[in-house]
Amino acid sequence: MQTRTPALIDHTTGIQAQDVHAWFDRLHALRGISMTVPERKVTAVIGPSGCGKSTFLRCINRMHELVPEARVSGRVLLGQENVYDEAADPVLVRRRIGMVFQKANPFPTMSIYNNVAAGLTLAGERDRRKVEQIVEQSLRAAALWDEVKDRLHKPGTSLSGGQQQRLCIARALAVSPEVLLMDEPASALDPASTLRIEELARELANDITIVIVTHNMQQAARVSDFTGFFLDGELIEYGPTNDLFTKPRDRRTEDYITGRFG
Amino acid sequence: MSVAGRVAAGSSARTGDRPFQLLLAVMAAAVPLIIGAVLVALIAAASPAIQRFGVGFFVTSTWDPVAEEFGVLPFIYGTLVSSALALLIAVPLGLGVAIFLAELVPGWLRAPITFFVELLAAIPSVVIGLWGIFVLVPWVRTTLEPLLKSTLGFLPLFSGPPLGIGMLTAGLILAAMVVPFIVAVSTEVMRAVPRAQREGALALGATMWETTRTAVLPYARSGIIGAIFLALARALGETMAVTMVIGNVPQIKASLFAPAYTIPAVIANEFTEATSDLYVAALIYAGLVLFIVTVAVNALARLLVSRVARGPAQIRE
Amino acid sequence: MQRRYLVRRWKNRVMAGVTFLCTLAVLTPLFLILAFLASTGLSALNWDFFTKLPGAAGEPGGGMANAIVGTLVLITLAGVIGIPIGVLGGTFLSEYPNTRLSHTARFAADVMNGIPSIVMGLFAYVLIVLPMHHFSALSGGVALGIMLIPTVMRTTEEIVRLVPQSVREASLALGIPIWKTTLRVVIPTAAAGIVTGIMVGLARIAGETAPLLFTAFGNRFWNRDILQPIAALPLQIFAYAISPFDDWHRQAWAGALVLVTIVLIVNITARYAAGRQVKLR
Numbered sequence: 001m002q003t004r005t006p007a008l009i010d011h012t013t014g015i016q017a018q019d020v021h022a023w024f025d026r027l028h029a030l031r032g033i034s035m036t037v038p039e040r041k042v043t044a045v046i047g048p049s050g051c052g053k054s055t056f057l058r059c060i061n062r063m064h065e066l067v068p069e070a071r072v073s074g075r076v077l078l079g080q081e082n083v084y085d086e087a088a089d090p091v092l093v094r095r096r097i098g099m100v101f102q103k104a105n106p107f108p109t110m111s112i113y114n115n116v117a118a119g120l121t122l123a124g125e126r127d128r129r130k131v132e133q134i135v136e137q138s139l140r141a142a143a144l145w146d147e148v149k150d151r152l153h154k155p156g157t158s159l160s161g162g163q164q165q166r167l168c169i170a171r172a173l174a175v176s177p178e179v180l181l182m183d184e185p186a187s188a189l190d191p192a193s194t195l196r197i198e199e200l201a202r203e204l205a206n207d208i209t210i211v212i213v214t215h216n217m218q219q220a221a222r223v224s225d226f227t228g229f230f231l232d233g234e235l236i237e238y239g240p241t242n243d244l245f246t247k248p249r250d251r252r253t254e255d256y257i258t259g260r261f262g
Numbered sequence: 001m002s003v004a005g006r007v008a009a010g011s012s013a014r015t016g017d018r019p020f021q022l023l024l025a026v027m028a029a030a031v032p033l034i035i036g037a038v039l040v041a042l043i044a045a046a047s048p049a050i051q052r053f054g055v056g057f058f059v060t061s062t063w064d065p066v067a068e069e070f071g072v073l074p075f076i077y078g079t080l081v082s083s084a085l086a087l088l089i090a091v092p093l094g095l096g097v098a099i100f101l102a103e104l105v106p107g108w109l110r111a112p113i114t115f116f117v118e119l120l121a122a123i124p125s126v127v128i129g130l131w132g133i134f135v136l137v138p139w140v141r142t143t144l145e146p147l148l149k150s151t152l153g154f155l156p157l158f159s160g161p162p163l164g165i166g167m168l169t170a171g172l173i174l175a176a177m178v179v180p181f182i183v184a185v186s187t188e189v190m191r192a193v194p195r196a197q198r199e200g201a202l203a204l205g206a207t208m209w210e211t212t213r214t215a216v217l218p219y220a221r222s223g224i225i226g227a228i229f230l231a232l233a234r235a236l237g238e239t240m241a242v243t244m245v246i247g248n249v250p251q252i253k254a255s256l257f258a259p260a261y262t263i264p265a266v267i268a269n270e271f272t273e274a275t276s277d278l279y280v281a282a283l284i285y286a287g288l289v290l291f292i293v294t295v296a297v298n299a300l301a302r303l304l305v306s307r308v309a310r311g312p313a314q315i316r317e
Numbered sequence: 001m002q003r004r005y006l007v008r009r010w011k012n013r014v015m016a017g018v019t020f021l022c023t024l025a026v027l028t029p030l031f032l033i034l035a036f037l038a039s040t041g042l043s044a045l046n047w048d049f050f051t052k053l054p055g056a057a058g059e060p061g062g063g064m065a066n067a068i069v070g071t072l073v074l075i076t077l078a079g080v081i082g083i084p085i086g087v088l089g090g091t092f093l094s095e096y097p098n099t100r101l102s103h104t105a106r107f108a109a110d111v112m113n114g115i116p117s118i119v120m121g122l123f124a125y126v127l128i129v130l131p132m133h134h135f136s137a138l139s140g141g142v143a144l145g146i147m148l149i150p151t152v153m154r155t156t157e158e159i160v161r162l163v164p165q166s167v168r169e170a171s172l173a174l175g176i177p178i179w180k181t182t183l184r185v186v187i188p189t190a191a192a193g194i195v196t197g198i199m200v201g202l203a204r205i206a207g208e209t210a211p212l213l214f215t216a217f218g219n220r221f222w223n224r225d226i227l228q229p230i231a232a233l234p235l236q237i238f239a240y241a242i243s244p245f246d247d248w249h250r251q252a253w254a255g256a257l258v259l260v261t262i263v264l265i266v267n268i269t270a271r272y273a274a275g276r277q278v279k280l281r
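As given, the protein sequences belong to chains A, B and C, one line each in that order. All letters in the first sequence, in the order written, are residues 1 to 262 by the numbering used here. All letters in the second sequence, in the order written, are residues 1 to 317 by the numbering used here. All letters in the third sequence, in the order written, are residues 1 to 281 by the numbering used here.
Extracted from the complex, chain A is given alone in its bound form (with noise of 0.2 Å):
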């Protein structure tokens, strides 16, 4: 069970997975994952359904521990602190740690402003000039604006499913995070609306960092700079996405790329 760690990474610290474990009341979902994610950079996890990606995925920004009978263990730093020490307030967590889903879920009953303007109402602030001003910000970032910003009142369900899946986007970056899950975010959506959120991963990692859970590995491969495989709860292996797919180090990831299992 021995687990590689990459070669060090030269890029300052963004996210520090240490010896990081999961279970599912008995089902032991993470064994022991060590892993770097660098500063504005897009890491792509990948492996075949079941590897644990999306566990691990949500043991970033303490969504797991939401399951009943779900427990996590091992420390997880953002930048110098540790997201899981006694101190550490998950709800604070996650405002710095933002999340994107496989399935698009804007909140049903709310108008595509209130839905991207939900973090920051929700969370108590009152100034609507300066929502005003993140939610356009925010729905520029994510790439929408121009096809929202004359219905802002419609519900957000009225939108079809790409443009849903940026407006979470837009969503989650109106809290302004410092980093930015993707758990599958193109997995529903046709290849035209998936190169938008691929294309938007690509920009945003301009500013903040970006974590990429996919189970296709094309995605990996354009879209980020990292890559992670994840095998039965474990990091088989991790580098930068070129080395990875081009000459991996270990036979189980040349299996999975290469598609002799999966």
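Hints were generated in silico from the structure; no laboratory data involved. Hints are not guaranteed to be accurate.
Unchecked claim - Quick list of simulated restraints, FRET-style, between CB atoms:
#: 1; chain 1: A; residue 1: Arg71; chain 2: B; residue 2: Ala192; range: 31 to 41 Å
#: 2; chain 1: C; residue 1: Pro164; chain 2: B; residue 2: Phe134; range: 47 to 57 Å
#: 3; chain 1: C; residue 1: His103; chain 2: A; residue 2: Arg71; range: 17 to 27 Å
#: 4; chain 1: A; residue 1: Glu69; chain 2: B; residue 2: Val26; range: 22 to 32 Å
#: 5; chain 1: A; residue 1: Gln80; chain 2: C; residue 2: His103; range: 42 to 52 Å
Claimed, not checked - Partial chain A-side listing against chain C, Cβ under 10 Å, derived:
#: 6; residue: Met99
#: 7; residue: Phe107
#: 8; residue: Ile236
What the hints assert, rightly or not - If you only want the chain C side, here are some residues facing chain B, beta carbon under 7 Å, derived:
#: 9; residue: Arg8
#: 10; residue: Asn12
#: 11; residue: Ile118
#: 12; residue: Leu122
None of these values were measured; they are calculated from a predicted model. All residues carry an ideal CB built from backbone N, CA and C; glycine is no exception.
Position chains B and C relative to chain A; hints supplied.
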């Protein structure tokens, strides 16, 4: 880059979670607490009568407010017999409707029939009683009772003058009022019978009726019994409609044509007129018994029903 | 063999027919009641009914204005008590479904739903009327409010459970604490269904008579004080129904028609709303 301590809970944004959860929990706990409080309050208020009459309360027939002698046997009799009569009518009818709804009804007809059955349950008791007084009672007096008397009059059950008001009419009214509960719960448990059970019988070449009898009904049995208990509890506690048609005479007569009295009805009629403390306590004592019996019957019913039709919680998870 | 099959098929048809007849038999009283309400009640209904106080005993005329207002007051009081407990308690049942408390509370709510309404009247009497030494709108409202709790709680539970998990996650991932997520995101998402459940519950208790007999008690006049006895539509219907006066009988029918119309409208609306709610899934 990151400001130290920003994920740490200084003035935690989460501090509301524990109190909120506690608030929700208290609200949920209110229901069992209220049931307990009802028990305590009724015991306390009934205690003069409990001490004075004890268990003899249930086996004596004297109801004499002037002499302050109270025994509820005729009321218990009236409550039990009217409820039994109601179930005798409502159970077969209700099961028939449930089979119709669960196995036979064409899709487009299911929603309206279900709606109407629910509506019957939603009609206020006092409205049904009103209809009972002015429509059902005259019909029973002029048509149903003479008919029963001329055909089955040799039975003591159907003897005596046809008054319209009395046990029979109360049973009929109660049947109409409890049948929706039998239908609703039985249909639900029959629908919960796994497809495989049904298909097993159908694959053997069984007809709809044979499938229902051999596969569906046995499987749903405890749920159906639960439905019947549920209806029983309703019948035992039904007040307004019964008091409006049963005649309100505390007597034990073999004939179903004779007036009778029930526990809820006597409480409804006499409580505000009860002048002495012991009189009030005796009525509350009767109410306490009604409460305990209906809670027990309901609890039993729920246990039986949940055995077949697991709550939506378990199904969906 | 062929012959036996014919017998079986015949039996099947007979039983199918029997179940259909059962259905007709069960629905007949409903249609008869509705028919009589429409025919008798409608003719007795007039403007006075809604605007005038009850007339003197045995004299024709007068209305049930105070009883209508009284019922509104009573269900308002009941709502103040029953809605918060029902909605928040139901939310607990949905959000913490497998705790010991939620199993107990769910069971207790089902049992409470079957406790005779007259017993709830006794409880409110002992709890409020006895210590205060007189009948009051408040005690009637408490009795009805308690009866409202289980209905609201169970429907809230069911509706809140329909809110997709992804909606909760979306909010939590934004760094919204659980309590705010529940109050500001989850419950509003389920609001339409919860309101429907509340309406059905209110319509049900609006027709209750037994728990009001010795709590709200009834009142032939206007009452603006919730600590004094108050009139209620079902109480008035009952009193008039068992009175010896024809005009009062007619007014009882009119009152019953009003009551049932309210029940009917609420239930049809609820059905329509429930049909729409399903799409939310």
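Structure-based check of all given hints:
{"no.": "1", "hint": "A:Arg71 - B:Ala192: 31 to 41 Å", "result": "35 Å, holds"}
{"no.": "2", "hint": "C:Pro164 - B:Phe134: 47 to 57 Å", "result": "51 Å, holds"}
{"no.": "3", "hint": "C:His103 - A:Arg71: 17 to 27 Å", "result": "24 Å, holds"}
{"no.": "4", "hint": "A:Glu69 - B:Val26: 22 to 32 Å", "result": "25 Å, holds"}
{"no.": "5", "hint": "A:Gln80 - C:His103: 42 to 52 Å", "result": "45 Å, holds"}
{"no.": "6", "hint": "Met99", "result": "4 Å, holds"}
{"no.": "7", "hint": "Phe107", "result": "6 Å, holds"}
{"no.": "8", "hint": "Ile236", "result": "27 Å, violated"}
{"no.": "9", "hint": "Arg8", "result": "6 Å, holds"}
{"no.": "10", "hint": "Asn12", "result": "4 Å, holds"}
{"no.": "11", "hint": "Ile118", "result": "5 Å, holds"}
{"no.": "12", "hint": "Leu122", "result": "5 Å, holds"}
Hint 8 alone, counting from the list given before, is not met by this structure.
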